[in-house]
Amino acid sequence: MADNMKFDLVSPERSLVSGEVSSVQIPGADGDLTAMQGHAALITTLRPGLLSISGPAGDDSYVVSGGFAEINADGVTVLAERALHQKEMTQDLYNDWVAEAKAAHANAAGDAVDGAAKLLADMVAMGGHIGLDPNQANL
Amino acid sequence: MANLKDLKNRIASVKSTRKITKAMQMVAAAKLRRAQEAAENARPYAERFNAVLGQLAASVAGSGSAPRLLAGTGEDKVHLLVVMTAERGLCGGFNANIAKLAKTHAQSLKAAGKTVKIITVGKKGRDNLRRDFGDLFVSHVDLSAVKSLGYANAQDIAKDVLTRFDADEFDVATIFYSKFVNVVTQIPTAQQIIPAAYETEADADSGAVYDYEPSEEEILADLLPRGVATQIFTALLENNASFNGSQMSAMDNATRNAGDMIDKLTIQYNRSRQAVITNELIEIISGAEAL
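Chains A and B supply the protein sequences, listed in that same order.
Position 82 of the first sequence, counting from 1, maps to 82 under this note's numbering, and the rest follow consecutively.
Converting from the second sequence to this note's numbering requires adding 139 to each position, the first position being numbered 1.
Worth flagging that the hints you see were computed from the coordinates, not collected in a lab.
Since this is a predicted model, take the numbers as computed values, not measurements.
Please note: incorrect hints may appear among the correct ones.
Unchecked claim - Within a straight-line C-alpha distance of at most 16 Å, the following computed EDC-like cross-link-like pairs (lysine to aspartate or glutamate) qualify:
no., chain 1, residue 1, chain 2, residue 2
1, A, K118, A, D32
2, B, K262, B, E226
3, B, K242, B, D274
4, B, K298, A, E100
5, A, K6, A, E20
6, A, K87, A, D59
7, A, K118, A, E100
8, B, K286, A, E13
9, B, K249, B, D274
10, B, K298, A, E81
11, A, K118, B, E357
12, B, K298, B, D361
13, B, K256, B, D274
14, B, K170, B, D391
15, A, K118, B, D361
Claimed, not checked - A few chain B residues facing chain A, derived, Cβ under 7 Å:
no., residue
16, N180
17, Y184
18, R187
19, Y349
20, D350
21, E352
22, P353
23, D361
24, F372
Just so you know, even glycine gets a beta-carbon here, dropped at the ideal spot from N, CA and C.
Let's have the full structure, built from the sequences with the hints guiding it.
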């Protein structure tokens, strides 16, 4: 546990976290994974979910959606299309995201349907995870 | 004397113009600082993103299974030009320079027998291109209501472009925007976004061999559309910074010119006033002499 590695969480608009952490839990497209110092080099895409970090500065979690994580010998870099501190995530915002995923699902055609359905399901699951009500978004 | 009053009015009017241009310059300077900050904040994301995409693109390039966004449609007939300008003028040659670059590009494409389609972002570019290429417009994005540019704006534009690409409406897409160098220098730039031309990383030794999850192709298929949005976002931010920089220097010039004009008018005013006084004196003296 003692070994720390570099961690960056970046969204297109700003850099959210940049510092030392001991472990990062990443919501990868194929399942959650926890990266620690010495993890094999890996690039994975993200599904909407909760990214948790723990390190010398304490534990923290962020809501991320879209993008990818890059793990290498230097550390972990997460590029999320949307990233927010968990505290900043409100029900209203969440409703917007779910509504957007729903709209995408409704408009998807052909091969895109599965992807959109998965995105929507992930969105809803994420809501349950962080204590926001996905059903409210139906209103 | 009427002449004197006219001059006085003109000086007053130029003075108030100078006040306005001075205020605009200061507003532009404040906005420029914010725009530059936004552009700087966006840089790490774009750099990392492009690097990883470049890496992925390089590894897929030879395999023949590259997605369409990377490999293109295999044809080169229909070109889509996304011309990004500002919503407002009073910024020197900013809008005109971008429009000019787009125009020459469009003309050479037309001369080569290609079909050209144009999407305009920002009102000024649309006005500028309407006369020559009005019949080529396929869409327009209005950003006048947007106070601060967000990634969502770029996503909307990217979505529009990608939908058109999926519907086979064009083969090659190029964006036109102004790259911000400093306050006095902005370079109008054309950048091809579809098929994507990513710089493949030269330092192959730096990278450990990555595992990919899911497969490289799937990641690439997921990331390429986002890459389009990222490039558009970068362009929008650069453009915004360029616009404010350009406006700032234009307004600085205008303020200085107004100052020069006021000086000239004041001299003229004083001269005519002096002439009036001299005239009156001559009249009095010659009147006194006549007695």
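Against the 16 Å threshold, does the CA-CA distance of B:K298 and A:E100 hold or violate the hint?
holds, 13 Å
Satisfaction of hint between A:D59 and A:K87, Cα-Cα up to 16 Å
Distance ~13 Å between A:K87 and A:D59 Cα, so the pair holds.
With a cut-off of 7 Å on the beta carbons, see whether B:Y184 makes it to chain A.
holds, 5 Å
Hinted pair B:K262 and B:E226, Cα distance within 16 Å
With Cα atoms ~5 Å apart, B:K262 and B:E226 stay inside 16 Å; holds.
When you check the alpha-carbon spacing of B:K170 and B:D391, does it fall within 16 Å?
holds, 15 Å
Have a go at the B:F372 hint: is there a Cβ in chain A nearer than 7 Å to its own Cβ?
holds, 6 Å
Go through the hint on B:E352 and say holds or violated, using the shortest Cβ distance to chain A against 7 Å.
OK, holds: B:E352 within 7 Å of chain A, min 4 Å.
Does B:R187 hold up as a contact with chain A if the rule is Cβ-Cβ below 7 Å?
holds, 6 Å
Check the hint pairing A:K118 with A:E100 against an upper bound of 16 Å on the C-alpha distance.
Answer holds: A:K118 to A:E100 is near 13 Å, not above 16 Å.
Verify the proposed pairing of A:K118 with A:D32, using a straight-line Cα cut of 16 Å.
OK: A:K118 and A:D32 at ~15 Å, within 16 Å.
Please verify whether B:K286 and A:E13 have alpha carbons no more than 16 Å apart.
holds, 15 Å
Between B:K298 and B:D361, does the CA-CA distance stay at or below 16 Å?
Between B:K298 and B:D361 the Cα gap is close to 14 Å, so the pair holds against 16 Å.
The structure meets every hint from the earlier list without exception.
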